[in-house]
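Novice: Here are the chains, one letter per residue:
Number of protein chains: 2
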Amino acid sequence: MPDTTSSDGLGSYPVTPRNRVKRLHERGRYDRASVWAVLDGAMLCHVAYVIDGQPYCTPTIHWRDGDTLFWHGSSASRMIRHLEKGMPVCLTVSHLDGLVMARCGFNHSVDYHSAMCFGTARLVEGVDEKRAALDRMIDRYYPGRAATLRTATSQEIKATTVISMVIDDASAKVRGKGVGDEPEDLDLPIWAGVIPLRTVIGEAEVSPHVPAGVARPADLAPYRPGRDFAEALAEAQAVYETR
Amino acid sequence: MPDTTSSDGLGSYPVTPRNRVKRLHERGRYDRASVWAVLDGAMLCHVAYVIDGQPYCTPTIHWRDGDTLFWHGSSASRMIRHLEKGMPVCLTVSHLDGLVMARCGFNHSVDYHSAMCFGTARLVEGVDEKRAALDRMIDRYYPGRAATLRTATSQEIKATTVISMVIDDASAKVRGKGVGDEPEDLDLPIWAGVIPLRTVIGEAEVSPHVPAGVARPADLAPYRPGRDFAEALAEAQAVYETR
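Residue numbers (the working numbering), protein chains in the order written: chain X, 12 to 254; chain A, 12 to 254.
Possibly wrong hints are sitting among the right ones.
One copy or two, either will do: identical chains are not told apart, so a pair holds if it fits within one copy or between any two.
To be verified - BS3-like cross-link-like pairs, simulated, lysine-lysine; straight-line CA separation at most 25 angstroms:
#, residue 1, residue 2
1, 33, 96
2, 169, 188
3, 188, 33
No wet-lab data here; the hints were simulated from the structure.
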């Protein structure tokens, strides 16, 4: 049962041996709002899974509906033949926010935020279910776009693999405190500070085949040039959820 | 034996069942130059490993010396007690380069570049070995910085975990071709194009404790504000290697 006693009403994930933040546990968060915020501010995720004892770490793109994560099988086809009976996976989203330079090597660090999600991955089966999941992918990133596109053929739907996973337990971890020098190092004549990093949106490059008169569509509204990509993704998710 | 017949003299990794690029294999590369270029243009990596059948995907930062990858144990302490006898891992680096919008859902995609590296992770042991690996981490990111810092105490070295892995096999995968519409979709009045993404360096925020007169050091030269972070990292690695 979800814990619905948290102030936002979304509750928290259970804390289990696998999701408990072991090192620097004060950086850990288990509430859905914190985990979802990390997931919804990213498109790229990494999925860890095991085949015959060998771990694989595959990058792909993910989307979310409540506690269910979806991802695209195209980058994960090694998994597919092992997915029939469900497969334990760990899906992680991370963002590097800054380089942290201190007065000694030990206190060099990075600012970051990340989320690790655990569950059992399953194939989304059935043409209708897959079509719905893929429309959700398009609309979650580009709200309203799915209805404007040429409808996918059954052949295209069949050629696409969609994987889903209910999040059983998860944690988010955030480091954003800047330089953590030892008190006795503070007067040393060594430069220390933070160099922030941002992933920003560039100017759209229109396909040369787009007929004259076709304007930039409203579904791209969140992706203004120069904007922080994580902000745009979070806005797109919010617009999608209120539709 | 490395294949040293490639034009750059660095050779290629062997192609094995685990690193062979299965889907869209024309995007796969196995030569060291391609794999190293992806690794050296990133600081953040994701490491997949298995404990009691459960996969974990842990984000951390990596650095490279030839075919040996190092990473920081601080974010991977779950691994540590399992590392004594070596642990199979997959270390992946990925970068999202652009959003690709097409005329149908099926052809929506992303431009990206990534590398997956396979090997056996081991703890770096011994105070001198760990100190050398950590100095290498500092100097690889900020060339020349290690010698300017307050020397790490034995206590600090002991409190830090460094993991190393010789790359046994690896692959790089790149998608950068823009929109791939079907020929029969080209005349549809639907917007299509690519929205590029860049991770850029911001203005350094100096720690408030840095004494007056301490200037921004030369080791930060690659990290000019507004610059592409991947370019800065590649430059830092090149400067480091020529010292």
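Novice: Now, for every hint given, state plainly whether the structure supports it.
Specialist: Right, here's what the structure says about each hint:
Taking the closest pair of Cα atoms, residue 33 and residue 96 come within 25 angstroms of each other only across two copies (21 angstroms); inside a single copy the shortest separation is 30 angstroms, beyond that limit. In this assembly of identical chains, the alpha carbons of residue 169 and residue 188 lie at most 25 angstroms apart only when taken from different copies (24 angstroms versus 47 angstroms within one copy). Taking the shortest Cα distances, residue 188 and residue 33 sit within 25 angstroms of each other inside one copy (19 angstroms), while across copies they are farther apart (42 angstroms).
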